[in-house]
Amino acid sequence: MSGASHFVEVRNLSRRFDVSKPWLNRLIEGGGRRYVEAVRDVSFDVDKGETFALVGESGSGKSTVARMLVGLMSPDRGSVTIDGTSITGEASRSEQRALRRRMQMIFQDPYASLNPRWRVGRIIAEPMLALKVVPSSADAASETARLLTLVGMSAGDMRRYPHEFSGGQRQRIAIARALAARAEFIVCDEPTSALDVSVQAQILNLMRDLQQELGLTYVLISHNLAVVRHMAGRIGVMHAGRLVEVQPARQLFVSPQHDYTRMLIGSVPQMSSAMRRASSTRGAPCP
Amino acid sequence: MADPVLSVRDLRVEFPTRRDLLVGLDGVSFDIHQGEVLGFVGESGAGKSITGAAIMQQIAAPGRIAGGEIRLNGQRIDKLSRTGMERIRGRHIGMVFQDPLTSLNPLMTIGDHLTETIGVHLGLGRRAARDRAVSLLEEVGIPEPAERLRSYPHEFSGGQRQRIVIALALCAEPELVIADEPTTALDVSVQAQIIALIRRLCDTHGTAFMLITHDMGMIAETADRVAVMYAGRVVEIGRVADIVAHPAHPYTQGLIAAIPSLETDAERLRQIPGAMPSLSAIPDGCVFHPRCELADDLCRTRRPVLAGEGDHRTACHRTAQAEYAP
Amino acid sequence: MTRTTNEAEAHGRSVWAGVWQSDLCIDFRANRLVLVATLLLAILLTASLLAPWVAPTDPFDAMSLDVMHSNLPPAWQQGGSTEFLLGTDDQGRDMLSAVLYGLRTSIVISALGVLLAAAIGISLGIVAGYFGGFVDTLIMRTADVQLSFPAILIALLVDGILHSMLPALKRDDSAAMVIVISIGLSFWVQYARTVRSSTMVEKKKDYVSAARLFALPSRTIMVRHILPNVMSPVLVILTINFGLAIITEATLSYLGVGLPPMRPSLGTLIRIGQEYLFSGEWWIVAFPGFALAILVLTLNLLGDWLRDALNPKLR
Numbered sequence: 001m002s003g004a005s006h007f008v009e010v011r012n013l014s015r016r017f018d019v020s021k022p023w024l025n026r027l028i029e030g031g032g033r034r035y036v037e038a039v040r041d042v043s044f045d046v047d048k049g050e051t052f053a054l055v056g057e058s059g060s061g062k063s064t065v066a067r068m069l070v071g072l073m074s075p076d077r078g079s080v081t082i083d084g085t086s087i088t089g090e091a092s093r094s095e096q097r098a099l100r101r102r103m104q105m106i107f108q109d110p111y112a113s114l115n116p117r118w119r120v121g122r123i124i125a126e127p128m129l130a131l132k133v134v135p136s137s138a139d140a141a142s143e144t145a146r147l148l149t150l151v152g153m154s155a156g157d158m159r160r161y162p163h164e165f166s167g168g169q170r171q172r173i174a175i176a177r178a179l180a181a182r183a184e185f186i187v188c189d190e191p192t193s194a195l196d197v198s199v200q201a202q203i204l205n206l207m208r209d210l211q212q213e214l215g216l217t218y219v220l221i222s223h224n225l226a227v228v229r230h231m232a233g234r235i236g237v238m239h240a241g242r243l244v245e246v247q248p249a250r251q252l253f254v255s256p257q258h259d260y261t262r263m264l265i266g267s268v269p270q271m272s273s274a275m276r277r278a279s280s281t282r283g284a285p286c287p
Numbered sequence: 001m002a003d004p005v006l007s008v009r010d011l012r013v014e015f016p017t018r019r020d021l022l023v024g025l026d027g028v029s030f031d032i033h034q035g036e037v038l039g040f041v042g043e044s045g046a047g048k049s050i051t052g053a054a055i056m057q058q059i060a061a062p063g064r065i066a067g068g069e070i071r072l073n074g075q076r077i078d079k080l081s082r083t084g085m086e087r088i089r090g091r092h093i094g095m096v097f098q099d100p101l102t103s104l105n106p107l108m109t110i111g112d113h114l115t116e117t118i119g120v121h122l123g124l125g126r127r128a129a130r131d132r133a134v135s136l137l138e139e140v141g142i143p144e145p146a147e148r149l150r151s152y153p154h155e156f157s158g159g160q161r162q163r164i165v166i167a168l169a170l171c172a173e174p175e176l177v178i179a180d181e182p183t184t185a186l187d188v189s190v191q192a193q194i195i196a197l198i199r200r201l202c203d204t205h206g207t208a209f210m211l212i213t214h215d216m217g218m219i220a221e222t223a224d225r226v227a228v229m230y231a232g233r234v235v236e237i238g239r240v241a242d243i244v245a246h247p248a249h250p251y252t253q254g255l256i257a258a259i260p261s262l263e264t265d266a267e268r269l270r271q272i273p274g275a276m277p278s279l280s281a282i283p284d285g286c287v288f289h290p291r292c293e294l295a296d297d298l299c300r301t302r303r304p305v306l307a308g309e310g311d312h313r314t315a316c317h318r319t320a321q322a323e324y325a326p
Numbered sequence: 001m002t003r004t005t006n007e008a009e010a011h012g013r014s015v016w017a018g019v020w021q022s023d024l025c026i027d028f029r030a031n032r033l034v035l036v037a038t039l040l041l042a043i044l045l046t047a048s049l050l051a052p053w054v055a056p057t058d059p060f061d062a063m064s065l066d067v068m069h070s071n072l073p074p075a076w077q078q079g080g081s082t083e084f085l086l087g088t089d090d091q092g093r094d095m096l097s098a099v100l101y102g103l104r105t106s107i108v109i110s111a112l113g114v115l116l117a118a119a120i121g122i123s124l125g126i127v128a129g130y131f132g133g134f135v136d137t138l139i140m141r142t143a144d145v146q147l148s149f150p151a152i153l154i155a156l157l158v159d160g161i162l163h164s165m166l167p168a169l170k171r172d173d174s175a176a177m178v179i180v181i182s183i184g185l186s187f188w189v190q191y192a193r194t195v196r197s198s199t200m201v202e203k204k205k206d207y208v209s210a211a212r213l214f215a216l217p218s219r220t221i222m223v224r225h226i227l228p229n230v231m232s233p234v235l236v237i238l239t240i241n242f243g244l245a246i247i248t249e250a251t252l253s254y255l256g257v258g259l260p261p262m263r264p265s266l267g268t269l270i271r272i273g274q275e276y277l278f279s280g281e282w283w284i285v286a287f288p289g290f291a292l293a294i295l296v297l298t299l300n301l302l303g304d305w306l307r308d309a310l311n312p313k314l315r
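Chains as they are written, first to last, in the numbering used here: chain A, 1 to 287; chain B, 1 to 326; chain C, 1 to 315.
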């Protein structure tokens, strides 16, 4: 990999959160502002067409990184560059819109990420019209139908409301919405952690198929090591706001470098442990 | 074979609504023996939590137990009055829930929680109750238990809180503990500790555990036997090692194959098409047939019952053909 | 063509079936009290809004008044006439017509007042909740200060200030507008508080984050995404506030700062009527009072039901 040509470049990303009281309380009660360091000095690169995963436990700062990657949150320090354009710098509205078009996000909770009062057709058409991907709402409608079929649903689902669908179907709708913007770079924040395993497999397979078909670049945020290993080419492990280790997926599990990574891998419940336990001394619990 | 601690036969739970009658559980039967962990695994809506709630008689109205029987140490408990059930709860059956914060009163110290429960169930004096509280906390792995008695729930981490809830459930040395998704709200590293704790308590106290979870890995690590639930029915039950290695029901096979593994590589995960039916649209015949590749006319019309030799039983017409190839 | 029409028809029918089968509708149909209240309210509303066509006479047409018919009791009493079902007042005005016209004035003015209050409250609440920080503090502390005064006092205050600010306008002409503004300014706080807290919940949901990813301006997100999702509690407040506003309007009119006797509301009618209470003409005050009580009661019943029916915790 040469130095300058990565699709996504993240450099020294840092963010702290203001946890101080409202200004009127500070004014009257005294006391200054207080901060919590959520993300410290995180740097990594993602190549085009690759899946890069960030894994970590709750409070590790992985979701904060995800939000900064797509510009939902601005970093205190550091930069995010996508295909040579900085998303953290000053940009005009049209430049911003052009950037937004290229990157989208899939959220954890498919029950909260779709507006419950809107029909599916309007939900998927919104980014196309807002980002001026299509010229007219008639084009948006036909494109919506195409996208719904692409994610394994039917065009007729356009007329229905989100509450009429299961969690997995809603996540498909959310994926269709991200694709509606013609995004090339999609940040997936725990896309399957609210779903059941059999549905999780459907969504993970769909994400892979779409990646191969459309050449998408993913950043996958997850707490689930098995999901991350299955999906990602490279994995970054986050702990207490820092990126402690980045390795190719298979290698990370063979030779983890950091103590925290070793502990994390060691605590994942394994299916094979049932056989190990069965063959060990304590076998028959019931007399 | 000794009598089971808990014996459930043909349990049926109904939820009458304004429009129709929803059947939450249908024909659920199982036994739990002393010192055994019986895992209940299934996806959301499969009825595993309803099973736990039915045993505790905590099904939210208008839901009701409409049939079958539940026996604890041979005594029927499904027809008990409210006060009768209150005597069973805590004393004979302990409970651990997903979110430890909701099971603890934020205004009471940990010491108050424990000594109150011990006092009610065991009738010990204050000094003795306190001593027991300290030893329980020590057993579940809370450091400096005597000092921490004065702490409030919010002063503990999530994992420690779940340990305290487990200590509370064990206060009266119940014969059975029902744990509903005890580790779901916890991080992986803490999860592993709680699994180890449940295993250890089960061995040392001889307590029977009913472990409800959606996580097959958790079952594999913790349980002795497992009941796989789907749409309010037990579709397969048997020893964990048998079921993990040789799942017989097509649903169990699909469920296990759908889990990404840390040990094997797969380009694509095996997926079960569709989703579990909602309670208002339970199909006729085998409840799994609309998603099953092997379904034939018999599956579409007749309900299979749990059958098989020995421990490992499956509710499937096509079990013989449905061998799992890893 | 025919197929599309059929589809559209089928679609339309299924929408109605959906509404009829919805939890809210089933709940509504099962609740007798609410059914009766709604029926009564519907009768009162249509009768009063159609007053010019329904009422036997026009009570404001001075030409049609006849002093010969003054102070007649209701039709079923000794000396009553079937021409004036509910009797007449001292000027020979038909009480039934007066009550219908009074209802109309009360309802229209209160509705406008409540809508104004809702408009102010919803806008300020959504802005406070969405932006937070200084804007939020400013709006909500103002609301707190205002909440420490009774609504009727605010209304009196606004009324006084507006009248001194607008001396050029003839008092009688501006009276209706002054009352609408008074009600609007004294009732907005409740909307603002409710909408602010719902907005703070909604803005954290990811459908709002997704909308931000489409580079939509804040105004569009607030109006298109958040507003429809914070409206159901507002609906409940609207219904209950409508009743309160009618009482406030009646109180203001009763106190003499409201609508003039030339275009009486229920409150004005009650004020006029009470002077005759001791001379035995009870009907002049009783029927406007009765109409007011029924109107407010039905609105409150409906509002209470709506609050419970929309509360997911009580399901």
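It is worth saying that the hints were derived from the structure and are not from the lab. Among these hints, one or two may not hold up.
What the hints assert, rightly or not - Derived pair list, reagent style DSS-like, types lysine-lysine, alpha-carbon separation capped at 27 angstroms: (1) A:Lys132 with C:Lys204; (2) C:Lys204 with A:Lys21; (3) A:Lys48 with C:Lys204; (4) C:Lys205 with A:Lys21; (5) A:Lys48 with A:Lys132.
What the hints assert, rightly or not - Which chain B residues face chain A? A few, computed with CB under 10 angstroms, are given here: (6) Ile77; (7) Leu104; (8) Ala192; (9) Leu197; (10) Ala223; (11) Leu255; (12) Glu267.
All C-beta atoms, glycine included, are put in the ideal place defined by N, C-alpha and C.
Structure-based check of each hint:
no., hint, result
1, A:Lys132 with C:Lys204, "holds, 26 angstroms"
2, C:Lys204 with A:Lys21, "holds, 19 angstroms"
3, A:Lys48 with C:Lys204, "violated, 31 angstroms"
4, C:Lys205 with A:Lys21, "holds, 23 angstroms"
5, A:Lys48 with A:Lys132, "holds, 24 angstroms"
6, Ile77, "violated, 21 angstroms"
7, Leu104, "violated, 19 angstroms"
8, Ala192, "holds, 4 angstroms"
9, Leu197, "violated, 13 angstroms"
10, Ala223, "holds, 8 angstroms"
11, Leu255, "holds, 6 angstroms"
12, Glu267, "holds, 8 angstroms"
In terms of the numbered hints stated before, the structure departs from hints 3, 6, 7 and 9, listed from lowest to highest.
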